[in-house]
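Engineer: Below, each chain spelled out in residue letters.
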Amino acid sequence: MITTIPLVYYLTISAALFCLGLFGALARRNAIAVLMGIELMLNAVNINLVAFWRYGSPDPIGDQSGIVFALFVITLAAAEAAVGLALVIAIYRSRDTVNVEEIDLLKW
Amino acid sequence: MDGLVLLYLSPELILIAASLLILGLDLLWRGRNSQLLGWLALAALVVALVVTPFLALYQAPDQPLGAAWGNQVALFCKECGTTVVYLADWAQVPSRIADALYVSDNLTNFFRLVAEITGIVILFATFDYMRGKKFVGEFYALFLLAVASMIMLAGSTNLIMIFVSIEFLSIVSYILTGYLRENKKSNEAAMKYFLFGSITSAIMLYGMSLFYGATASLNLGVIGSVITADTNYEVLALFALALVLAGVGFKIALAPFHQWAPDAYEGAPTPVTAFLSVGPKVAGFAILLRITLQVVFVYKADWVILYSLVAVLTMTLGNVIALAESNVKRLLAYSSIAQAGYMLVGLAGIAGNNSPLDGVNAVLIYIAAYLFTNLGAFLVVIAIENQTGAVDISQYGGMIKRAPLLAALMVYFMLSLAGIPPTAGFLGKFFVFGAAIGNNLGWLAAIGVINSVISVFYYFRILRPMFFEPAPEGAATITFSPWLRWGLVISAVMTLLIMLFPTPLFNLATHGAQIFGVAMR
Amino acid sequence: MDVIGIISQLVFFLIAALTLAAGLATVLLRNVFHAGLALVGTFFGVAALYLMLEAEFLAVVQILIYIGAIAVLILFAIMLTRSLMKNEDSNINKQWAWVATVIVILFVGLFILILQVPWQHSGTAVYTDLVPHLGTALLTTYLLPFEIVSVLLLAALIGAFIIARE
Amino acid sequence: MLLVEQFTLLIPLFPLLAFAIIVLFTRNNNRLSSWVALIGIIAALAVSLGVFFEALAEGPELAQNPFYSAPIVWYPFGTATLNFGWLVDPIGSVMLFMVPTVCLMIFIYSTSYMKHSHVDEHGHHVSEDDPRYARFFAYISLFAAAMLLLVISSNLLQFFIAWEIMGFCSYALIGFWSFRGLKEHHIDDAQVGRARAAGIKAFLTTRVGDVLLMTGIIFLFITVGNLDFTQMFNPEGLNNMLLGEPPIGALQWPTLIALLIFGGTIGKSAQFPLHVWLPDAMEGPTPVSALIHAATMVSAGIFLVIRMFPLFVFDAQSGGFSMQVVAVVGAFTAIFAATMGLAQSDIKRVLAFSTISQLGYMLAALGIGAFVAGSFHLITHAFFKALLFLAAGAVLHATGTNDMFKMGGLWRKMPITFITFMIGALSLMGIFPFAGFWSKDEILLESLREGWFHGGAVALAQFVYILLAIAAFLTALYTGRQIFLTFFGKPRDEHAYEHAHESPASMWVPLAILATFTTFLGLWNAPFISAFFHFVGEGGLVGLAQPFEHAPFDDLANISVYVSLAIALSGFLTAYFIYGFRPVAAGQADPLARLGIIWRVLANKYWLDELYGYKINLDGTAQPGLLLRFVGALSRASYWFDRNIVDGLVNLAGWIGRMLARVNGWIDRNIVDGLVNTTGSVTGEIAGWWRLMQTGNVQNYALLAAAGAMAFAILFLLRSFT
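Residue numbers (the working numbering), protein chains in the order written: chain A, 1 to 108; chain B, 1 to 521; chain C, 1 to 166; chain D, 1 to 722.
It is worth saying that the hints were derived from the structure and are not from the lab. The reader is advised that the hints may include incorrect statements.
Here are the simulated lysine-lysine pairs, DSS-like style, with alpha carbons at most 30 Å apart [to be verified]:
hint	chain 1	residue 1	chain 2	residue 2
1	A	Lys107	B	Lys133
2	C	Lys94	A	Lys107
3	A	Lys107	B	Lys185
All chains, please: the whole structure from these sequences, using the hints.
Structural biologist: Pasting the structure below:
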């Protein structure tokens with residue numbers, strides 16, 4: 001398969017997914033939707049890492065650093081999601097909103 | 001696995017172990033004896049502080065060292081088949097051996113000291129602040145983890161380690177920021193901090209993946225040597241650097257990645273604010289130094305422009321907006337943004353010629369000066385807030401009568417932040433601007449100098465009500481615990497000593513800078 | 001190009017199209033719950049891409065953790081906070097046009113970069129069991145971050161508890 | 001043998017210790033605090049005099065082999081270490097004689113001056129300590145310590161640190177009465193406001209100079225590689241400076257560095273265009289004025305040029321023009337400040353402008369190379385100016401006003417003050433045989449000789465001579481005016497006259513001592529003795545082996561003496577005809593006001609305060625000038641700006657409007673108003689915009705961050721295609 005699909009394809013998909021995620025993170029009102037955008041960005045990064053590992057590594061079996069990095073990204077995404085959702089729920093409890101635009105007590 | 005790994009990680013391990021111990025004891029004691037847990041945390045930090053110099057001075061059995069201070073150890077070195085590698089001098093080490101996950105070198109040791117001192121001073125302030133609050137044990141545990149992750153960030157030389165440490169530091173910081181959960185502002189600060197941090201760290205990760213793609217390695221040393229050798233990667237390296245700067249710049253609060261800072265600083269519990277204004281910032285500089293010098297150093301013309309640009313933005317935005325602030329915490333937030341800008345001036349001033357006025361030295365000296373000065377200023381704010389809840393400049397009236405010590409020390413810290421002698425801050429500015437001028441960035445130094453003049457206005461604006469205005473109706477004199485007094489005394493004395501006897505700091509910084517011999521060659 | 005090549009290309013394009021479509025749905029769907037479901041779809045698509053890249057273990061991890069844990073967590077959170085978002089006039093904030101501009105420029109920039117850089121192509125056939133090597137790496141070379149992450153997860157757990165408790 | 005010089009480092013330590021003791025222990029005991037301060041300065045004086053006499057014994061050889069020791073390693077800069085230590089060369093030793101002596105007089109004087117007397121309900125005169133009496137002595141001790149540290153500094157960085165400590169002390173001392181709760185001491189809110197604004201103004205204005213100085217120091221370190229006075233002026237290091245690429249066009253490195261360093265002097269020694277802080281600094285208590293404006297801070301600026309003189313000389317030798325700049329700035333300031341001094345009604349402000357003017361003399365002398373004359377004037381000026389300030393302080397302490405138009409006829413009430421003031425004033429005018437006569441004449445003689453007789457005509461020195469000669473006339477004129485208004489004629493304010501009385505001994509004894517010095521000190525360098533010259537000038541300077549040429553006592557010197565005496569006397573006589581012959585009556589305007597527009601220009605100090613600095617009004621409010629207004633517009637921050645920005649703009653525009661309307665009646669006020677409104681709204685917009693970035697919406701922040709990162713990345717990408 002590796003011969004038939006160029007690396008650039010994967011990288012393009014990843015770039016597109018990253019940009020979509022960034023859009024979601026910056027343009028969605030709902031804090032949870034923002035989180036989902038961030039998850040998309042992280043997934044895009046993982047595609048990059050795995051593709052680079054598969055195509056670029058001189059020793060893909062012995063040196064799986066791309067995969068390892070992706071694993072760490074997934075793990076930390078989970079930790080981040082846990083803390084982030086806890087924050088969302090705390091905010092929701094204290095002010096009945098999860099709209100990012102309304103969370104602006106602190107400004108100027 | 002080499003047991004010595006544990007030795008060379010001992011400061012971090014002590015902190016993590018103490019943190020777990022505190023969690024366990026807290027569970028056991030069900031929230032009682034929180035004061036004891038605080039002392040335990042303090043003890044752990046002190047032990048780590050004591051251990052660190054020994055670690056640096058320890059003579060490796062098979063590798064006698066010339067320098068008294070300078071035990072360079074690479075940990076988890078994949079290529080060399082062992083977990084601990086002694087390095088007499090990085091300058092003589094082939095990049096293959098530099099292929100380590102983590103290093104315990106002079107730079108790490110410098111930041112270990114910085115982190116541990118920060119932790120201790122802030123704990124002094126925390127004892128008062130956390131009295132009567134809930135989940136105190138967990139707070140101390142998380143705080144220790146934050147300090148540990150700060151050190152780990154400074155010692156990382158592998159993209160995975162960098163990412164994990166940054167995230168570790170971030171996540172713990174988010175939690176600490178949102179610690180006052182009944183407080184809407186604290187909640188909101190944590191939320192903003194979290195969202196901003198997650199987005200920028202995703203951007204940074206994308207940049208890291210590009211580094212990996214170009215070099216098939218995650219190690220800074222290897223990435224650097226590949227990128228240095230092949231100019232085809234110039235664009236990629238700089239593109240990736242710009243993306244990575246988003247994540248690191250977020251930690252340091254560099255413009256345009258700074259906007260979370262005032263909000264998060266205002267909402268966070270004040271001791272946490274003090275930590276945020278020093279800890280992540282300083283650790284971010286550690287990693288920015290490593291990335292700059294080990295990876296992209298060869299494209300100096302480009303990153304110098306990038307850093308100069310960001311430095312100008314950061315200083316100017318921080319200082320000018322600070323003029324308009326009346327909340328002391330926000331004001332100090334902008335001030336700390338501006339201070340990071342000065343440090344970045346030093347970074348842009350890296351000529352790589354190992355001269356005493358070189359940027360690496362300058363940044364490290366500035367960091368040490370800033371550390372004590374800024375912590376001191378925050379301790380004053382905390383002392384006042386603990387008693388009166390006041391965080392607005394207008395509420396600071398008559399401090400000279402209500403708390404003469406605090407008022408006098410505040411003058412000193414403000415002088416230091418403004419860079420007026422005889423203070424550590426002056427020394428830092430002298431070196432940082434000197435580095436920039438020495439690297440033919442006279443214009444950058446000039447902008448920095450103009451900025452430091454502007455900053456005098458708002459630093460003195462804090463002092464004005466303290467000295468010249470009557471105290472508000474019914475304002476009591478301000479008392480604070482001996483702990484806080486100790487913190488204040490340490491900060492003030494160190495701010496003075498750094499100016500008067502800078503030699504030890506100077507040596508530390510020089511040793512720290514020496515490790516970059518490889519990159520600078 | 002042989003048949004297998006054509007088929008694999010077709011499969012790739014199909015997966016890519018599905019992934020991106022699901023991604024687009026995730027960021028554009030008005031109903032957050034639907035967006036969450038689309039997110040699950042995206043995760044599946046990414047898992048399929050991992051499979052095509054012969055990273056089977058990671059594909060499994062993706063499904064277990066991303067879909068099994070993170071997506072479910074997100075869906076729970078959506079349901080907990082759901083009552084609010086019903087009468088929103090828009091799910092997109094005021095700066096969306098700026099954001100769109102930025103991401104379009106960013107995508108073009110990334111695309112140019114991707115085409116321009118001479119990526120290393122040293123990939124060889126793998127077809128072997130990668131998991132033992134991965135395990136070894138995690139417990140030797142990457143032992144330090146591995147252990148640190150365990151502490152980090154504990155910290156995140158405690159933090160989430162402190163922040164979100166009643 | 002006991003070598004006093006070994007204890008040089010103790011000199012600043014004594015007052016510093018006094019400061020610490022007062023702050024930490026005795027601050028609640030006024031009497032004890034003043035004694036601590038006095039003992040501190042006396043101890044410093046004792047050691048200083050020891051060092052001074054030892055230095056005198058060494059003679060001119062001291063210049064090349066100064067008392068020098070830098071034992072404390074301070075900054076180990078790799079090869080070049082910067083050590084903390086002391087350096088005493090001839091001129092430094094003279095400073096060591098002058099500074100603590102004058103300081104001691106001021107300290108003694110302050111013990112009485114810082115008491116406020118008022119009449120209680122029983123009609124008794126009661127005298128009460130200033131509420132911050134102890135603090136005052138702490139501050140002036142610190143100030144003296146900083147100045148002494150500066151004098152003995154062995155390197156430029158140490159010098160700079162002392163310099164900056166003084167800057168901060170001057171802020172605290174000028175603004176000493178910017179403290180609420182002094183009403184019962186006749187210090188009203190307006191005075192509080194003025195004091196506060198003056199302190200800040202002094203600090204910020206001098207800071208502009210300090211920043212230039214610091215930049216100069218960094219440049220100097222980078223090019224020469226050392227900051228130690230004994231080592232940095234070696235020919236090798238200096239020549240290194242010339243090797244580098246000239247930084248700005250034709251400006252070579254030595255010129256640039258010398259000018260940056262001179263920038264520090266311009267700020268600290270209140271030279272044009274940074275002189276604006278000094279007149280307002282008169283809001284401080286009078287001993288502070290004497291301390292700052294005679295013995296310490298302003299002298300520090302001149303001393304800086306003296307210390308860096310080898311650099312200036314080197315620059316001149318290699319074709320730079322930094323010395324010309326020093327000469328022109330000095331000469332111009334001398335005459336410029338003298339004109340303004342003519343139009344002041346505040347007794348202390350006249351002295352303030354005279355200080356600026358006299359400092360200009362010193363710099364002009366240094367600028368034309370007359371090193372010894374400039375140095376000598378620095379010393380004599382310190383004595384007679386301190387005397388004048390303290391005497392003026394005695395007057396206003398006694399009368400309760402500092403407006404000369406409310407005084408008159410005081411010589412009968414305060415004879416000692418009058419006599420001492422006269423001695424100081426005659427010295428300032430340059431009347432034989434007082435100290436100022438010798439030193440000022442020396443400067444005039446040098447510029448005369450340099451300009452016309454010494455190797456042909458030198459246009460610059462001619463220019464300097466003419467300016468200084470005119471300034472000498474003006475000096476005599478305004479000083480005469482001051483004397484006649486204050487001490488002669490009929491009392492113009494009965495209340496003030498009634499209130500007036502001779503000062504207590506602790507105030508007049510220092511006056512008498514200073515007057516003695518003022519009378520006899522000039523002989524030290526009188527042309528027929530020239531002891532000062534032999535000591536200070538013959539051995540050259542640290543870092544400059546070339547000895548200064550000794551002007552022979554020839555016909556030219558005789559002519560010069562007569563010319564300058566004639567100038568001074570004619571100035572004094574003019575003053576007599578205007579103010580003495582027919583004394584100004586109560587309520588009568590100043591006769592010179594008939595000069596019309598010129599008078600207005602002078603009385604308003606050329607409107608420079610309005611232009612940049614900021615203007616401090618009588619009611620204690622301050623208006624930002626253009627420069628500060630610019631910063632203020634960016635921020636709307638500091639409270640002066642916040643409250644006054646729009647007012648200030650309106651006032652400025654209104655003033656412009658009035659002036660224009662007066663000259664050209666056809667300018668419509670509406671246009672101006674329209675202009676004001678537009679300006680106001682534009683600046684407001686800018687001010688708002690910066691802060692409005694912080695919207696509170698985290699997605700805005702993140703967008704900026706993402707766009708920023710993207711912009712940097714894309715810029716790098718685009719760069720690769722070009």
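Engineer: Are the hints correct? Go through all of them and say.
Structural biologist: Verification of the supplied hints:
Using a Cα cut-off of 30 Å, the hinted pair lysine 107 of chain A and lysine 133 of chain B holds, with the two alpha carbons roughly 26 Å apart. Distance restraint check for lysine 94 of chain C and lysine 107 of chain A: the Cα-Cα separation of roughly 18 Å lies within the 30 Å cut-off, and the hinted pair is therefore satisfied. At most 30 Å may separate the alpha-carbon atoms for a hinted pair to count; lysine 107 of chain A and lysine 185 of chain B meet this at roughly 11 Å.
In summary, this structure violates none of the numbered hints.
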